[in-house]
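Generate the whole structure from the sequences, applying the supplied hints.
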Amino acid sequence: MLTLLSNVLIDGMAYGMVLFIIAVGLTVTLGLMRFVNLAHGAFAMIGGYAAALLTREAQWSFWLALPVALVATAALGALLEAVVLRHLYRRSELEQVLFTIGLAFFLIAATNALAGPQVQLIVLPPLLAQPVDLGFRTLPAQRLLVIAAGLVVAAAAAWIVARTRFGIWLRAAVDHPDTAATLGIPIRTVQCASFAVGAALAGLGGVLGAELMPLEPYYALKYLVLVLVVVAVGGMGSLVGSLAAALALGTVETASKYLASDWGSLFFFLAMALLLAWRPNGLLRR
Amino acid sequence: MAFNKARRTLTLAMACAAAAGSLPAAAQTVKVGILGPFSGPFAHYGTLFKNGAEAYIASQGGKLAGKEVELIYRDTGGPNPGQTKTLVQELIVKDKVDYLGGFIFTPNAFAVAPLIQQSQTPAVIFNAATSAITDKSEFFVRTSYTLWQVTVPLAQWAAKNDIRKVVTAVTDYGPGIDAEAAWKSEFARQGGTVVESIRMPMATTDFAPFVQRIKASGAQAVYTFLPGGPPNLGFVKAYNENGLAKAGIQFLGTAEMDEFDLQKFGDAALGLTTAFHYSAAHDSPANRTFVEALKKKDANAIANYASVGAWDGMHVIHKMIEATDGRKDGLKAIAAARALQWESPRGPVRIDPKTRHIVQNVYLRKVEKAGSQLVNKEVQSFGPQVDHGLGK
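Chains as they are written, first to last, in our numbering: chain P, 53 to 338; chain F, 32 to 423.
Don't read these hints as lab results, they were simulated from the structure. Quick caveat: nothing in here was measured; it's all calculated off a predicted structure. Each residue gets a CB set at the ideal place from its N, CA and C atoms; glycine is no exception. There may be inaccurate statements among the hints.
[Claimed, not checked] Quick list of in silico lysine-lysine cross-link-like pairs, DSBU-like style, CA-CA up to 35 Å:
1) 94/F / 350/F
2) 326/F / 94/F
3) 274/P / 400/F
4) 116/F / 326/F
5) 277/F / 196/F
6) 62/F / 127/F
7) 385/F / 167/F
8) 246/F / 62/F
9) 328/F / 215/F
10) 385/F / 62/F
11) 350/F / 116/F
12) 274/P / 326/F
13) 274/P / 408/F
14) 274/P / 328/F
15) 385/F / 127/F
16) 116/F / 62/F
17) 274/P / 215/F
18) 246/F / 274/P
19) 98/F / 246/F
20) 350/F / 98/F
21) 274/P / 277/F
22) 327/F / 116/F
23) 196/F / 295/F
24) 350/F / 62/F
25) 274/P / 350/F
26) 363/F / 397/F
27) 274/P / 116/F
28) 397/F / 191/F
29) 274/P / 295/F
30) 326/F / 359/F
[Unchecked claim] Computed far set for chain P versus chain F, every beta-carbon distance over 10 Å:
31) 120
32) 171
33) 177
34) 192
35) 214
36) 215
37) 264
38) 337
Right under this line is the structure:
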């Protein structure tokens, strides 16, 4: 019984952290910037593909490929933002949805044409590929990296948004763009940089989450629902809320796999509905 | 008057000549409609069909039984019975196809049964693997496999090799449940015990909890069924990372080590055991011919169960064209197909006259490394197997 409980908690936390890592980029673009970015999965996929190609084809070390993949995704995000997406900020949500879903379809087809339909694997260093013995059971080392990365990202992002000048600019630029501009805040730079950071975080999720959500062209849409659920339950723009939501939902899903797998994903979505009914504005907001 | 009459006769003669001229011309080209997913997430299956079928025709010198063959591809997307039915109706009525081939998904095959029955159009199933399909119309012939066909000999082998306790872990949808039923029924008959049956939801991405349950179940082996692609990779990864092999729990599968995904597993796949009817590493002249023909068609083509299903499916269509001399005669064609036997890339095969399903050797295979590539090395043949699933 005790083993079962600890198994549920450990696997639940590991799975929840993966959910958080793939959702955190969307918390920035959808949550903080209020831009309905359904191409989030596509950015994650691009980050993942970049890491897979660098480690497998170019034989780079994982530790070098990871930052390069993130910078590449950020650069692409910044470019798209500067050229097209910025025109959509003031458009209706429906237009944002239509454009970004179209972008996602385009990126799926492009990926399929360039890299083929097969699953792409990221070559992990031996350190991450081995299981780690926790005493009473083992856990893949890669999962420990995800847990650590999730905590670091949550803490750093929460600090930047709440405490730094950039965070204040960002919130001002989103809430009152005109006022912010008259106050001399460079809102175009802030928007572009924030979107690039959101894209880079999506890429981080694509790379680190790839062990559970393997990279393939349809990645861009396949896991979008999971990601949207995490952001919605966590509350728009609340990074710590997303973390709490991901951990709670991950634990529920894992417990249902141990105890009632015949019910499929029922409990995951039931938990989502109940949490949303209880705290419609986000888990950590009253 | 006479002039008029002569002109009428001439017109009639010309019309006759034109009709006579057009008849043999129409009979010269045999039309085959190929149904498969050519777009969307399953599009690679369509490519496998296309490569297998076209490589076969090319290997025969571009003609089958001396007739030109026109392949008409139709895209069914995913499991989509309604659309498949519409497409097949068009193929039969408008394009006037002589044969149908393809079919990845069981529901799509079920949907067209009444159409092929009514129009007497032989349809060769290249892949869809539910036993009951060939029951639905006498014009179905199948060159793939069924889960019962490959699972029953594997269960017998396990029982003979002192594996007494097994846990089943299957993906929770039609074929997975079929696989679970096949294993349970045969393994119990052999005196084994299924200690736990786990059904994993379709959308599962994190397999760690299931693997922990398998580990805790006290079984000596896990019999598993997973759809190809991401779920398959995820399960095998979890199996390795959680040390199941080290804990002495053997992996028993069927299509899991399919050549399409095989190289992606890396060393994680080494030593995994599956029972299946086709391995790209099958050592025979027929298989070498097949693999070479595929590579000639497309250097990136993959020899696996779907492309060999299409290759052998075209062989059956070839023989049906031969038996009917290129004319459309569904009854005669099917009668010829029922008696077929030939040397396939997978080994010696024949069509079971009663079920119209392929009878073939099933092999026990282990994943090994040949050079830098992973292969399914056949270590034992279970001999010819019928479809054990019919009548259950």
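Now the hints, each set against the structure:
Taking the CA atoms of residue 94/F and residue 350/F, the gap is near 12 Å; set against the 35 Å cutoff, the hint holds. Between residue 326/F and residue 94/F the alpha-carbon distance is near 19 Å, which keeps this suggested pair within the 35 Å criterion. This hinted pair checks out: residue 274/P and residue 400/F have alpha carbons roughly 33 Å apart, not beyond 35 Å. Distance restraint check for residue 116/F and residue 326/F: the Cα-Cα separation of roughly 33 Å lies within the 35 Å cut-off, and the hinted pair is therefore satisfied.
The hinted pair formed by residue 277/F and residue 196/F meets the criterion: a straight-line CA distance of about 17 Å does not exceed 35 Å. Pair hint residue 62/F plus residue 127/F holds up; C-alpha atoms about 7 Å apart against a cutoff of 35 Å. Simply put, residue 385/F and residue 167/F have alpha-carbon atoms about 13 Å apart, close enough for the 35 Å limit, and the pair holds. Between residue 246/F and residue 62/F the alpha-carbon distance is near 53 Å, which puts this suggested pair outside the 35 Å criterion.
A distance of roughly 42 Å separates the Cα atoms of residue 328/F and residue 215/F; the hinted pair therefore is violated under the 35 Å criterion. At most 35 Å may separate the alpha-carbon atoms for a hinted pair to count; residue 385/F and residue 62/F meet this at roughly 27 Å. Taking the CA atoms of residue 350/F and residue 116/F, the gap is about 26 Å. The hint holds against a cut of 35 Å. Proximity of residue 274/P to residue 326/F is assessed by CA-CA distance (about 32 Å); at most 35 Å being required, the pair is judged to hold.
Straight-line distance between C-alpha atoms of residue 274/P and residue 408/F comes to about 34 Å, which keeps the hinted pair within the 35 Å bound. For the given pair, residue 274/P sits about 32 Å from residue 328/F by alpha-carbon distance, which is consistent with the 35 Å threshold. Distance hint between residue 385/F and residue 127/F is fulfilled; the C-alpha atoms sit about 28 Å from each other, no more than 35 Å. Between the alpha carbons of residue 116/F and residue 62/F the distance comes to roughly 18 Å, so the proposed pair stays at or under 35 Å and holds.
Between residue 274/P and residue 215/F the CA atoms are separated by roughly 33 Å; this keeps the pair inside 35 Å, and the hint holds. Of the pairs offered as hints, the one joining residue 246/F and residue 274/P holds, with about 29 Å between alpha carbons and a cut-off of 35 Å not exceeded. For the given pair, residue 98/F sits about 58 Å from residue 246/F by alpha-carbon distance, which is inconsistent with the 35 Å threshold. The hinted pair formed by residue 350/F and residue 98/F meets the criterion: a straight-line CA distance of about 12 Å does not exceed 35 Å.
About 33 Å separates the Cα atoms of residue 274/P and residue 277/F, which keeps this hinted pair within 35 Å; it holds. For the given pair, residue 327/F sits about 34 Å from residue 116/F by alpha-carbon distance, which is consistent with the 35 Å threshold. Between residue 196/F and residue 295/F, the direct Cα distance comes to roughly 30 Å. Compliance with the 35 Å bound is thereby established for this hinted pair. The straight-line distance between the Cα atoms of residue 350/F and residue 62/F is roughly 14 Å, inside the 35 Å bound, and the hint therefore holds.
Our distance criterion of 35 Å between C-alpha atoms is broken by residue 274/P and residue 350/F, whose separation comes to about 43 Å. Distance check on the hinted pair: residue 363/F and residue 397/F sit about 42 Å apart at the alpha-carbon level, beyond 35 Å; violated. Proposed proximity of residue 274/P and residue 116/F is supported: the alpha carbons are some 27 Å apart, at most 35 Å. Only pairs whose Cα atoms come within 35 Å are accepted, and residue 397/F paired with residue 191/F is accepted, the gap being roughly 18 Å.
Proposed proximity of residue 274/P and residue 295/F is supported: the alpha carbons are some 20 Å apart, at most 35 Å. Distance restraint check for residue 326/F and residue 359/F: the Cα-Cα separation of roughly 32 Å lies within the 35 Å cut-off, and the hinted pair is therefore satisfied. Distance check for residue 120/P against chain F: the nearest CB is about 22 Å away, which clears 10 Å, and the non-interface claim stands. The beta carbon of residue 171/P sits about 5 Å from the closest Cβ of chain F, which is not more than 10 Å, so the claim that it is off the interface is violated.
The Cβ of residue 177/P sits about 13 Å from the closest Cβ of chain F, beyond the 10 Å cut-off, so the non-interface label holds. Not every Cβ of chain F is farther than 10 Å from the Cβ of residue 192/P; the closest lies at roughly 4 Å, contradicting the non-interface assignment. With a least beta-carbon separation of about 31 Å from chain F, residue 214/P lies farther than 10 Å from that chain, consistent with its non-interface assignment. No beta-carbon of chain F is positioned within 10 Å of the beta-carbon of residue 215/P; the least distance is around 34 Å.
Not every C-beta of chain F lies more than 10 Å from that of residue 264/P, the closest at about 5 Å, which undercuts listing it as non-interface. The claim that residue 337/P is not at the interface with chain F holds, since no C-beta of that chain comes within 10 Å of its own (minimum 28 Å).
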